[in-house]
Amino acid sequence: MECRVLSVQSHVVRGYVGNKSATFPLQVLGFEVDSINSVQFSNHTGYAHWKGQVLTADELNVLYEGIKLNNVNHYDYVLTGYTRDTSFLETVVDIVQELKRLNPKLVYVCDPVMGDQGSMYVPENILPVYRDKVVAVADILTPNQFEAELLTGRKISTEKDALEVMDLLHQMGPDMVVLTSTDLISPHGGQFLVALGSQKMVRPDGTTSTQTIRMEMPKVDAVFVGTGDLFAAMLLAWTHHHPKDLKAACEKTVSVLHHVIKRTITYANKMAGPGKRPSPAQLELRMVQSKKDIEYPAIVVEAIVL
Amino acid sequence: MECRVLSIQSHVVRGYVGNKSASFPLQVLGFEVDSINSVQFSNHTGYSHWKGQVLTADELHVLYEGIKLNNVHHYDYVLTGYTRDTSFLEMVVDIVQELKRANPNLVYVCDPVLGDHGSMYVPENLHPVYKNKVVPVADIITPNQFEAELLTGKNISTEKDAVEVMDLLHKMGPDTVVITSSDLPSRLGDRFLVSLGSQRTLMPDGTKSTQRVRMEIPKVDAVFVGTGDLFAAMLLAWTHHYPNDLKTACEKTFSVMHHVIKRTISYAHGKTKLSIILLTVRSVSPKHDVSTPMLHSRYGVLCPPNTTS
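Protein chains in written order, with my numbering: chain A, 387 to 692; chain B, 6 to 314.
These are calculated hints, taken from the structure and not from any lab test. Glycine included, every Cβ here is placed at the ideal spot set by N, Cα and C. Careful: at least some of the hints might be erroneous.
DSS-like cross-link-like pairs, simulated, lysine-lysine; straight-line CA separation at most 27 Å [said to hold, decoys possible]: (1) B:K56 with A:K486; (2) A:K678 with B:K267; (3) B:K56 with B:K73.
Label pairs and their in silico Cβ distance ranges [said to hold, decoys possible]: (4) A:A608 with B:E169: 53 to 59 Å; (5) A:E550 with B:T50: 50 to 56 Å; (6) A:E681 with B:P133: 42 to 48 Å; (7) A:E681 with B:E169: 43 to 49 Å; (8) A:T442 with B:L74: 24 to 30 Å; (9) A:R390 with B:L193: 35 to 41 Å; (10) A:Q577 with B:L74: 33 to 39 Å; (11) A:P629 with B:R9: 36 to 42 Å; (12) A:E388 with B:D226: 22 to 28 Å; (13) A:G575 with B:N76: 35 to 41 Å; (14) B:T61 with A:E388: 33 to 39 Å; (15) A:P509 with B:N76: 26 to 32 Å; (16) B:T50 with A:C389: 35 to 41 Å; (17) B:P133 with A:N457: 27 to 33 Å.
Far from chain B by the CB rule (all over 12 Å, computed), these chain A residues [said to hold, decoys possible]: (18) G401; (19) N429; (20) T477; (21) M587; (22) K633.
Please put together the full structure from these sequences, using the hints given.
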């Protein structure tokens with residue numbers, strides 16, 4: 387398999403978020419990963435302390451220029467995640483557009499990270515950039531419910547709302563949308579969270595068809611960081627292998643997350659000791675230890691086709 | 006296996022040198038790799054063009070401070086390679102010393118990158134820093150012949166010279182020394198290059214014993230970049246599993262190199278490329294070679310017939 391991904395995300399010295407979370411699993415699956423580190427921090431910002439440096443939009447341009455001057459700016463995928471700077475994000479859009487001119491088949495997998503549970507954790511002025519510029523060039527989008535609501539200006543209270551929001555997002559650009567988590571009530575009860583996906587495809591006769599799926603995942607009583615980044619990377623990988631089968635791609639992706647999270651929480655609880663809540667350091671994803679699950683995920687979730 | 010490595014090396018967006026060359030193989034082998042990127046370049050400097058940014062010694066210190074403030078500055082290994090800046094290198098030494106105070110069992114694997122084939126390709130003022138400050142705190146070093154000569158001030162013309170140089174290097178600090186390539190004539194002819202290794206161990210009765218190994222590696226007619234970084238990383242991995250058996254650790258390390266280089270060469274020949282072929286080590290596909298390297302008595306390693314600028 388000769389497949390090259392350009393991933394523009396954070397780098398942390400220790401732990402697994404951003405490029406640290408995405409690169410190893412993609413490489414294990416045989417993807418060539420070119421990575422531009424948008425920041426270099428000691429660790430993610432959920433620890434008591436963090437220190438490091440950020441890349442400016444100009445510096446991003448300089449790195450891209452180097453790639454371009456060598457005429458190696460040919461990619462099959464672009465992958466982006468958490469970004470705080472509007473000019474940086476705008477430069478990313480310019481780069482994606484240029485890369486798409488060179489390879490019209492390029493697939494841009496975009497996690498439009500803005501916030502969760504009703505509040506934004508990036509500057510507010512990022513929203514219009516995502517809404518008006520980024521989503522338009524994205525092919526696969528992985529918002530959570532809050533981000534999907536922000537991008538479309540519509541609230542989600544029912545599954546019907548969610549399907550309409552995903553349709554609106556299709557109209558804005560991406561043919562594939564996965565609502566990675568929602569507050570929708572699961573038929574299995576409060577210990578499960580509901581994720582939804584929608585893939586628009588063009589039939590041979592030129593008409594469009596949409597496959598929508600729903601997945602229920604067991605909730606885990608801990609805060610994990612980097613799982614969204616792992617999700618987007620694995621969705622990239624599994625949609626690459628199942629480009630017209632959202633159900634299969636999502637089942638594999640969610641299964642990988644399940645195995646990694648399970649291993650992580652088991653380890654974290656063991657490290658913390660009985661009755662103690664694990665620390666952010668202890669909760670770092672057990673990525674390296676999950677190599678086999680990343681390569682050959684046992685399917686543990688069934689996606690229902692709606 | 007719960008083993009954490011702090012690797013302080015270059016990052017390239019595209020290709021496999023520095024941390025890009027070392028991290029994935031170590032992760033595949035189950036090591037936790039914390040990586041500080043000393044630079045971020047678009048690609049290595051053997052291409053026609055390269056662009057990017059470097060980390061200053063202060064910025065390195067800031068990153069280390071973050072790790073330390075969270076009380077997670079506990080490492081089993083430190084790994085360093087190509088560095089061009091003396092104050093950066095001195096900061097690395099300070100960090101290694103502090104990490105060794107926090108964990109006296111820490112093993113510092115150091116590739117003292119200074120040059121090759123008689124000429125330096127880093128600023129000259131790095132030489133005294135390596136000699137006087139870095140090598141004394143290193144536990145495993147992987148100099149080539151030129152670097153070993155520079156560090157000890159002794160020329161190597163015979164295997165006997167090489168053994169004496171490795172003994173001098175032991176006295177300076179590291180208990181494990183691998184001269185990764187030399188100009189010594191191989192018993193198998195001039196299509197082979199000679200590597201040597203030496204490991205000093207403390208016996209239960211308090212005496213020191215030294216195991217020395219010699220390897221003959223088939224030369225390959227191409228310039229590779231990143232192979233030295235891969236070598237140091239794999240030597241770290243295999244000495245971890247064979248801490249008192251340099252022979253086995255080296256055999257596994259050189260076998261990995263052979264497989265990766267061989268696959269890289271086949272891939273490169275498959276492409277329609279002209280003029281200078283600058284091959285980057287294809288670390289991704291040979292994942293299985295990294296995990297379970299087949300032992301070979303001869304290995305493919307780099308021997309550039311003429312280095313490009």
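Hint-by-hint comparison with the structure:
1. Restraint check: the Cα-Cα separation between B:K56 and A:K486 comes to about 22 Å, which is no more than 27 Å; the hinted pair holds.
2. Only pairs whose Cα atoms come within 27 Å are accepted, and A:K678 paired with B:K267 is accepted, the gap being roughly 26 Å.
3. For the given pair, B:K56 sits about 31 Å from B:K73 by alpha-carbon distance, which is inconsistent with the 27 Å threshold.
4. At roughly 57 Å, the beta-carbon separation of A:A608 and B:E169 lies within the given 53 to 59 Å, and the hint holds.
5. Distance hint for A:E550 and B:T50: a CB-CB separation of about 53 Å, consistent with the stated range 50 to 56 Å.
6. The hinted range of 42 to 48 Å is satisfied by A:E681 and B:P133, whose Cβ atoms lie roughly 47 Å apart.
7. For the pair A:E681 and B:E169, the supplied restraint of 43 to 49 Å holds, since their beta-carbon distance comes to about 48 Å.
8. A hinted range of 24 to 30 Å for the beta carbons of A:T442 and B:L74 is consistent with their spacing of about 25 Å.
9. Checked against the hint of 35 to 41 Å, the C-beta distance between A:R390 and B:L193 comes to roughly 39 Å, which is consistent with it.
10. Judged by the Cβ atoms, the range 33 to 39 Å given for A:Q577 and B:L74 holds: they are separated by roughly 36 Å.
11. For A:P629 paired with B:R9, a C-beta distance near 38 Å keeps the hint of 36 to 42 Å intact.
12. For the hinted restraint 22 to 28 Å between A:E388 and B:D226, the CB-CB distance of approximately 25 Å keeps it satisfied.
13. Checked against the given bound of 35 to 41 Å, the beta carbons of A:G575 and B:N76, roughly 39 Å apart, stay inside it.
14. Between B:T61 and A:E388 the beta carbons are some 37 Å apart, a value that agrees with the proposed interval 33 to 39 Å.
15. Remark: the range hint 26 to 32 Å for A:P509 to B:N76 is upheld by a beta-carbon distance near 31 Å.
16. About 26 Å separates the C-beta atoms of B:T50 and A:C389, a value inconsistent with the hinted range of 35 to 41 Å.
17. Distance hint for B:P133 and A:N457: a CB-CB separation of about 41 Å, inconsistent with the stated range 27 to 33 Å.
18. A cut-off of 12 Å between C-beta atoms contradicts the statement that A:G401 is not in contact with chain B; the least separation is 8 Å.
19. The claim that A:N429 lies off the interface is violated: its Cβ sits roughly 6 Å from the closest Cβ of chain B, which falls inside the 12 Å cut-off.
20. Against the 12 Å criterion, A:T477 stays outside the reach of chain B, whose nearest CB is about 14 Å from its own CB.
21. Even its closest Cβ contact with chain B, about 30 Å, leaves A:M587 beyond 12 Å, as expected for a residue assigned away from the interface.
22. Distance to chain B confirms A:K633 as a non-interface residue, since its nearest Cβ pair spans about 28 Å, more than 12 Å.
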